[in-house]
Every structure is written in structure tokens, then in C-alpha cells.
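Since the structure of chain B is provided, determine the placement of chain V on it from the hints.
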Amino acid sequence: MTGFFEANREILLFTGLTAVKIAVFLGAVMGFTALLTLAERKVSALMQDRIGPNRASVFGFAFNGLFQPAADGIKMILKEDFMPERAEKLFFTLAPFFALVPALALFAVMPFGDYVMVFGCRVQLQIAELPLGLFFVLALSGLAIYGVILGGWASKSNFALLGAMRGAAQMVSCEVVLGLTLVGLMMIYGSAGLQNMVRSQGGLLFGFLPAWGVVYQPFAFILFLTAAIAENKRGPFDLVEGESEIIGYFMEYSSMRFAAFMFAEFVEIVLVAMLAATLFFGGWQVPYLYETGFLFPGGAQLPLNHYLVSAMQVGAFAAKTVFFSWFLLTVRWTLPRFRFDQLMGLCWKALLPLALLNILITGAVMKLPL
Amino acid sequence: MISVKKVDNKPLNLLERVYLLEIARGIAVTAGHFFRNLINPEGMPTVQYPEQRIPLPGNARLRTRHRLKIRADGSPKCVACFLCRTACPACCIHIEAAEYPENTVEKYPAVFDIDLSRCVVCGMCVEACPEDAIAMDTNELPGGALARPDMMLTKETLLRDIPSTGDPSVKGASNRLANEYLKTRGEQ
Chain B
1 MTGFFEANRE ILLFTGLTAV KIAVFLGAVM GFTALLTLAE RKVSALMQDR
51 IGPNRASVFG FAFNGLFQPA ADGIKMILKE DFMPERAEKL FFTLAPFFAL
101 VPALALFAVM PFGDYVMVFG CRVQLQIAEL PLGLFFVLAL SGLAIYGVIL
151 GGWASKSNFA LLGAMRGAAQ MVSCEVVLGL TLVGLMMIYG SAGLQNMVRS
201 QGGLLFGFLP AWGVVYQPFA FILFLTAAIA ENKRGPFDLV EGESEIIGYF
251 MEYSSMRFAA FMFAEFVEIV LVAMLAATLF FGGWQVPYLY ETGFLFPGGA
301 QLPLNHYLVS AMQVGAFAAK TVFFSWFLLT VRWTLPRFRF DQLMGLCWKA
351 LLPLALLNIL ITGAVMKLPL
Chain V
371 MISVKKVDNK PLNLLERVYL LEIARGIAVT AGHFFRNLIN PEGMPTVQYP
421 EQRIPLPGNA RLRTRHRLKI RADGSPKCVA CFLCRTACPA CCIHIEAAEY
471 PENTVEKYPA VFDIDLSRCV VCGMCVEACP EDAIAMDTNE LPGGALARPD
521 MMLTKETLLR DIPSTGDPSV KGASNRLANE YLKTRGEQ
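Residue numbers (the numbering used here), protein chains in the order written: chain B, 1 to 370; chain V, 371 to 558.
The following block holds chain B by itself, in its conformation from the complex:
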């Protein structure tokens, strides 16, 4: 038995570490997503001078609505699981999985910290260290279209089918812009691995400015955020669902199947927030914080313990994610919804040429003898 462990030490260690990382990171993400469903309602309420949900309580303790996600979940489970008589049973069942699984799989490439030493063993704080992580992100987020199309088509309802067509057209056109906005970043960092991209954002520009992606590519950041929100089907581009008037692809879904679609949407909010933080705002980088501690531009130093540094870096990543999640919620509750033709016009006539222009200018500047 010991011989088996000795012989397969490498692979066993890798499997165990990865399993732990998946459990911790995905657990944190799922918990945060559940809280985000509450945050969406609370943020929108506070914006509109309302209080928001605060009645769901356990033994009389409501904690200002903290149990609302649990109450929502229990309610969803208890709802009737309806399926239209003529629906394609297999694909109807499969569609929510297609919406949820790619979104969750994307967290595998998110670097949530640099590395941490555990019992003398260097543990990378990223589940899968893919050298082409960015392409993995783009490929899997493209897969989410299948959830929309299958959901609309398999429910054999004209409204749902039209909603699915709308959704698919929107996601495809925004996918193109999303990919192109990131080309400039890949050119600057010379890498498509997310961890490498974060590491190259660790330096300083002009000696004091953190060399974050948004400093190099502020224009690409705006394009990316717009395209990512549209890809995410969130307001102002939430015409895919438009519950009250144009009805979306999950019209025939109820109970936990519907909840899976909704949950996928919230997971994608976290995803977009993490991507924005990783690509443009330095990921886990804290300004002036290096492996050994703080080193301020004036020359002042503050040496810190390795574990403290790691904790601060993971905390910085979490804080950035929370901020961008809040920002996406704020945008959703601030702006009115785009019409379908306006969205298509924006994507193809405005964002796409601007993204191409951004690549051109980035390339030209990089070739300049500076």
C-alpha cells in the first residue's frame, strides 16, 4: 500500500490539492452567488428608497433578510415542476445544465491569489493553470448559448423560441466584441494565461502608478464591460428575459429548472466581476505589495509575513469581485432596457469597429520606438 502512495505521490498530491481548491473556491463562489440574489434585491431597494426583503426569519431572527436566499430556494423546490406536454423531454431537462455548467467550469481558471506555502509545498491559488486560460473562458462562455437555444426550442412554445433566437443573436454578436477587446490585453501582456496576466500587472508605471490593465487599456475596459454585460444578458441588455413584456426563452420553465437559469445568471455576474478584476484591475495584486511586503514609491518599506501577504492578496481579489458585482447590479438598476435593434446596432456598428480600432492603436503604439 505504501508502495502505491510512494509511486503515485505526484498525482495523488495534485488530485488532493485540486479537490481542496475546488471545494474551497467553488464553495466561496456559490455562497457569494446566493448572497448576490439577496444583494440584487437589497441594492435595488436601497437605490429606490425602499427597505427590501427583511421578513424571512429563523426562530424570529431575520438579520435584515439574510435568510431570504434560503427561503427563495425552499420556495423554488416546493413549486410544481412543470413540463409542457409536447416538449422535447431530454433537451428540456438538459438546457438548465447547459446554462449552469459552463458558467461554473469557468471558475477553474480564475487566479484568486498568487501562491501559498503549505508544509513546504508551493500551492498555486488557481484551480487549473491553463496556459491559454483566456481562450478557455471565451470558448466556454460561448457554450452557454446552448442553454438558451435548447431551453427555447425544447419547450415547443413560440414565445420561448423567439426569446431564444433573440438571446442567441445577442450572445453571438457580443461574443465577437468580447473576444476582440481582449486581444489588446494579450498583445500587451504577451500571454493568454490569466495567472500570467495578473503577474504582469504587478509592476509600476512611471514609478508610482500600478501597471493595471485599465491604465494601459482604459478604452478596452469600457468595451469589455459593455460586451460582458450584454453577453451576460443583464440589464440594460436584459431583453432576453424581459419578463413583463417580451418573455424570454425560459418561459415554460418552473421550479428548480427555472432557478438553475436564474442562478446561472448570477454566477455569470460573479464571473464577469472576476474577469474585470483579473484582466483590468490587477486581479489579486495590491498596489505596492510584493512577495516580501509593502514597498512604497517613496522608499518606505513594511516587511510582512508570507501568509499575511497571501491573505491580503486573496482579500484584495475578493474585494474587487464584490465591488464589480455591486457595480453590475447598480448598472442593471440604473439604465433602461435597450431595444433589440438598438442592441444589435450598438454591438455591430459601434463596439465592433471600436474594438478593432483599439487593436490597431495598441499594435501601433507597441511598435513605436518608445
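Rather than coming from a laboratory, the hints here were simulated on the basis of the structure.
Some hints here could point you the wrong way.
Stretch by stretch, here's where chain B covers chain V in the computed footprint (C-beta under 8 Å, at least three residues) [stated by the list, open to error]:
#	region
1	373-385
2	415-425
From chain V, some residues computed to sit far from chain B (all C-beta separations above 10 Å) [said to hold, decoys possible]:
#	residue
3	Leu390
4	Asn407
5	Ile465
6	Pro471
7	Cys492
8	Leu529
Pair ranges (Cβ atoms, derived) [said to hold, decoys possible]:
#	chain 1	residue 1	chain 2	residue 2	range
9	V	Ala401	B	Pro303	32 to 42 Å
10	B	Gly190	V	Ala401	34 to 44 Å
11	V	Val399	B	Met344	50 to 60 Å
12	V	Thr508	B	Leu94	52 to 62 Å
13	B	Leu357	V	Phe405	31 to 41 Å
14	V	Ala401	B	Ile246	45 to 55 Å
From the three backbone atoms N, C-alpha and C, an ideal C-beta is built for every residue, glycine too.
Leaving out everything else, chain V in the frame of chain B:
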């Protein structure tokens, strides 16, 4: 004739068509409200309704839960004429008329039910009543209930005086006329 209002929408200028500045301004407004309410939740106008109530204005335009007025002798002013039932757009009033045994010319409601779960609080029953027998001045808001029967107001719950309003619960006009009529018939 439908009146058409023509709206002159100004074409957006370049800065507005780029959206970004306007979006930033919109977010500044909503984020301002968000943080103001986050820091000072007491400042919000919202009230935790069933536990916490705003005092009602109590003016003549206020329409609250119904009541049936009563005369000095305790009998209902209502003569079961069915006018309120006819006027009710929600069909929520149910009346069954009966006669006084000693008074053959005047009716009274044996049953008078108002289904609050259907009532739209329009006040038309009050307008329609020729006897000024029904009023909506109790200052009680028709609240929700867990079962439909709880929303049913019966004659017993409707019949009540509000002494504080100083409403003279005198003998109604029809009562007086009926008594006079009976008196004249007795004289014959």
C-alpha cells in the same frame, strides 16, 4: 375626439449619443441614493407597514372600512333598498331584506354582508345611499387576511357608531315618514 399631444424630442448630441457621460450621471444618482440609505436607513420614507403605521389624514376624501350607521334606538338606518348593491362595481354587497313585524311599511336588512376581498374601496355605495346609512369613515384600513371568510364583513361587524365623529345618529328621514304614515293610518 382623441387629443394628440405632439412631443418634440430633441435629437441627442454627440456627447449624449456616446452614452458614457449620461450613464455615469445616472449611476451617480442611484449610487448616491444607495449610499445615503445605506448609511442612514432611518431617512427612508418606507414604513414597516403592519407594525408601524402612518397616521391617516382623516379628511373628507379618505375612504376606509365601511360601517352601517344606527339610529338612536339602535336599529340600522339602512332600509334595504339595494341601491348600494346596484351601484357597487365589484358586486361585493349582499343584502337580504326583512320587515319589522310592527311596522309594515319599512324594511330593514336581515343580512348585510360586504366582501372586503372584492371591495375596490370606490365609495360608490356611500354616494348611492339615499338614507346616509353607509359610511366609510371608520379610519380602519381594510387589511389582508389569511382566509377568505375573514374578509367578510357581516351586519353585526358593520353596525356601529363612531361617537368621536359627533355624527348625529338621529332617527332617519324614512323612519320619521313611516311613523307619520302609520300615525295617519291609525287615525283613520
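Hint-by-hint comparison with the structure:
{"no.": "1", "hint": "373-385", "result": "violated (count 0)"}
{"no.": "2", "hint": "415-425", "result": "holds (count 3)"}
{"no.": "3", "hint": "Leu390", "result": "7 Å, violated"}
{"no.": "4", "hint": "Asn407", "result": "4 Å, violated"}
{"no.": "5", "hint": "Ile465", "result": "39 Å, holds"}
{"no.": "6", "hint": "Pro471", "result": "54 Å, holds"}
{"no.": "7", "hint": "Cys492", "result": "27 Å, holds"}
{"no.": "8", "hint": "Leu529", "result": "36 Å, holds"}
{"no.": "9", "hint": "V:Ala401 / B:Pro303: 32 to 42 Å", "result": "38 Å, holds"}
{"no.": "10", "hint": "B:Gly190 / V:Ala401: 34 to 44 Å", "result": "37 Å, holds"}
{"no.": "11", "hint": "V:Val399 / B:Met344: 50 to 60 Å", "result": "28 Å, violated"}
{"no.": "12", "hint": "V:Thr508 / B:Leu94: 52 to 62 Å", "result": "58 Å, holds"}
{"no.": "13", "hint": "B:Leu357 / V:Phe405: 31 to 41 Å", "result": "36 Å, holds"}
{"no.": "14", "hint": "V:Ala401 / B:Ile246: 45 to 55 Å", "result": "28 Å, violated"}
In the structure shown, a violation is registered for the earlier hints numbered 1, 3, 4, 11 and 14, in ascending order.
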